[in-house]
Amino acid sequence: MSLMQKFLGAAATLALTAGAALADPAIIYDLGGKFDKSFNEAAFNGAERWAKETGGTYKELEMQSEAQREQALRRLAETGANPVVMTGFAFGDVLNKVAPDFPDTRFAIIDMVVDQPNVKSVVFTEEQGSYLVGMMAAMASKTGTVGFIGGMDIPLIRKFACGYAEGVKAANPDAKIVANMTGTTPAAWNDPVKGAELAKAQKSQGADVIYAAAGGTGIGVLQAAADEGILSIGVDSNQNYLHPGQVLTSMVKRVDNSVYEAFKEGADLKTGIVVMDLKAGGVDYAMDDNNKALVTPEMKTAVDEAKAKIEAGEIKVHDYMSDETCPALTF
Amino acid sequence: MDYATLLQILDSTMRLAAPLLLACLAGLYSERAGIFDIGLEGKMLMAAMCAGAVAALSGNVWIGLLAGIAGSMIFALIHGVASITFRGNQLISGVALNFVASGITVLVAQSLFRQGGRTPPLSGAERFNPIELPFAESVAKVPVVGPFYAEVLSGHGALVYVALLAVPLTWWVLYRTRFGLRLRAVGENPASVDTAGISVIRLRYTAVMITGVLCGIAGAYMATGLQAGFGKEMTAGRGYIALAALIFAKWRPWYALMSTMLFGFFQALALRPDVLKNTIGFDVPVPALDALPYILTVIALAGFVGRAIPPRAGGEPYVKER
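Going down the list, the protein sequences come from chains V and W. Counting from 1, one number per residue, gives the positions in the first sequence under my numbering. Counting from 1, one number per residue, gives the positions in the second sequence under my numbering.
Extracted from the complex, chain V is given alone in its bound form (with noise of 0.2 Å):
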């Protein structure tokens, strides 16, 4: 028993210890894991961009089950890590929880608004990056049919989903929009072969160009549409490179950054809503190497023209997310 208690307050002042000494930040990643290729991986770069920048080092843990949020939150911020960076819509409600309970540590959380004294929350404004990309897909469209691939059926993917839509009826009033979800369960961002059955349903109904807005499950979409030959378009991070020549564009988040800031910031990191839009480079469309053949200078041009009417005001795209509908598509 004595041993025991021995053992226990030693490792009770380790951890103590190990607690004041270090405030580093921590970054917690959502179901779909750190190297989805996708959005939490952008998390991870922007992570490691600001360790190699300055040297420092930090914590960060990945969500293994539903059952687990609460838990590694707290575990994070009782280990006195500062900020504790989040990504993902689905922390809202434990952050609401968790956050008065740890008045001093800052938390930063990703794709959702939580609306504590100590919460940064940062949003994009998903739906202008997709409406750009939707652009070129329509244009790029042989058949006047493009396709739409979400992974689990959110409100957030629903926003990924109108904006495109609308993106694509700008370029081609005429345009055929086939939209699906992959499922209703968090196991829909890691299902690719489910992903890579919807693509070629897909492409049965005509789409030549689709859109995958899905984490790990879009991986399958895009490596279906390099095997039938259609175009597919990224997500979140830049996924031109997957299939050299056959992505069309990514609609890249630019969650790196915004994972750089917040742990840049430190302990003395800025709460309150951020918005991340088109202007405050936020969203973007990718281009490089791999997909400069694809993408035509006419497309080019009218996407660029496009952006800077989003950003100057003049094309307001909907916001699924303000009113639940979506006047360019039905779900």
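Keep in mind that the hints were calculated from the coordinates and are not lab data. All C-beta atoms in this analysis are idealised placements derived from N, C-alpha and C, irrespective of residue type, glycine included. Warning: the hint list may mix true and false statements.
What the hints assert, rightly or not - Result set (BS3-like, lysine-lysine): computed pairs, CA atoms no more than 25 Å apart in a straight line:
hint, chain 1, residue 1, chain 2, residue 2
1, V, K279, V, K264
2, V, K142, V, K97
3, V, K309, V, K169
4, V, K176, W, K250
5, W, K320, V, K169
6, V, K279, V, K59
What the hints assert, rightly or not - Chain V is faced by these chain W residues, among others (derived, beta-carbon under 10 Å):
hint, residue
7, P19
8, N60
9, V106
10, R182
11, T279
12, G281
13, P285
Position chain W against the provided structure of chain V, taking the given hints into account.
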């Protein structure tokens, strides 16, 4: 729904049903011998990882397939040792193996390739590419049957045909060979098999290893045929659907073919909600379609389509003398 759309859905059905069918037949051997196996999922996952990794390293999909089978057989062997030799609880052993597979696959893939628990994307000879069946081109012009042959039956990876051939083979082994008779007997009444002087232990091990081989093919097909590489948890519950199909099929090989095709068809139909809406006139929520295999299994278990009776000695470790 026009004929072309139906063909497309059936084509998708074939691809989706093949891993289910292999896993279902795998479970059939094991359960017919009296060893319940919840670990089909884990074995498939293990096989997918091994096949994806070795195909990427060796550049040859057939070596990848062998590695997948080997990985799955190791898990089958562990299940056998736990539940046959040590007479442990078969369900717990199976569940445990599922958990182990879920973790160890990512761990091994990560330490091998440093790509976050994925195996590198495969291409060319590292994958099972579609095979055109003979005369597919010329037969395609024959009305009705031609397109069916060309679209649905032709143009799949080699392992889809292996899965289809495994059905008559399994039927023949189970009902036309001495080994099959003994296998069925050992699942119903192991004591009588033992009395006849045949080793219960050896029979059951053989059955469990066959399960390993078939699960290995199923997993390898997922990583190297359907997809181009292994990803974390990529089997996404297909091992459990295969178990449901096995119950729905009442532990019989031809019924297994029908039930997995039916379940595959539901999965393919869930990919085309527009078709369903046009055919029956109203919107069916996709999750309802996803749940259909399980609902059907419950109906089967409730005895609405004839009673589904599992092998009588299933789940019971065999003790020679008390």
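Taking the hints in turn, this is what the structure says about them:
1. V:K279 <-> V:K264: 22 Å, holds
2. V:K142 <-> V:K97: Measuring from Cα to Cα gives roughly 50 Å; hence the hint is violated.
3. V:K309 <-> V:K169: 16 Å, holds
4. V:K176 <-> W:K250: Answer violated: V:K176 to W:K250 is near 45 Å, above 25 Å.
5. W:K320 <-> V:K169: The hint is violated at about 74 Å.
6. V:K279 <-> V:K59: 31 Å, violated
7. P19: 8 Å, holds
8. N60: 19 Å, violated
9. V106: With a minimum Cβ separation of about 9 Å from chain V (threshold 10 Å), the hint on W:V106 holds.
10. R182: Violated - the Cβ of W:R182 stays beyond 10 Å from chain V, reaching only about 37 Å at its closest.
11. T279: Constraint on W:T279 not satisfied, violated at 15 Å.
12. G281: 17 Å, violated
13. P285: OK, holds: W:P285 within 10 Å of chain V, min 9 Å.
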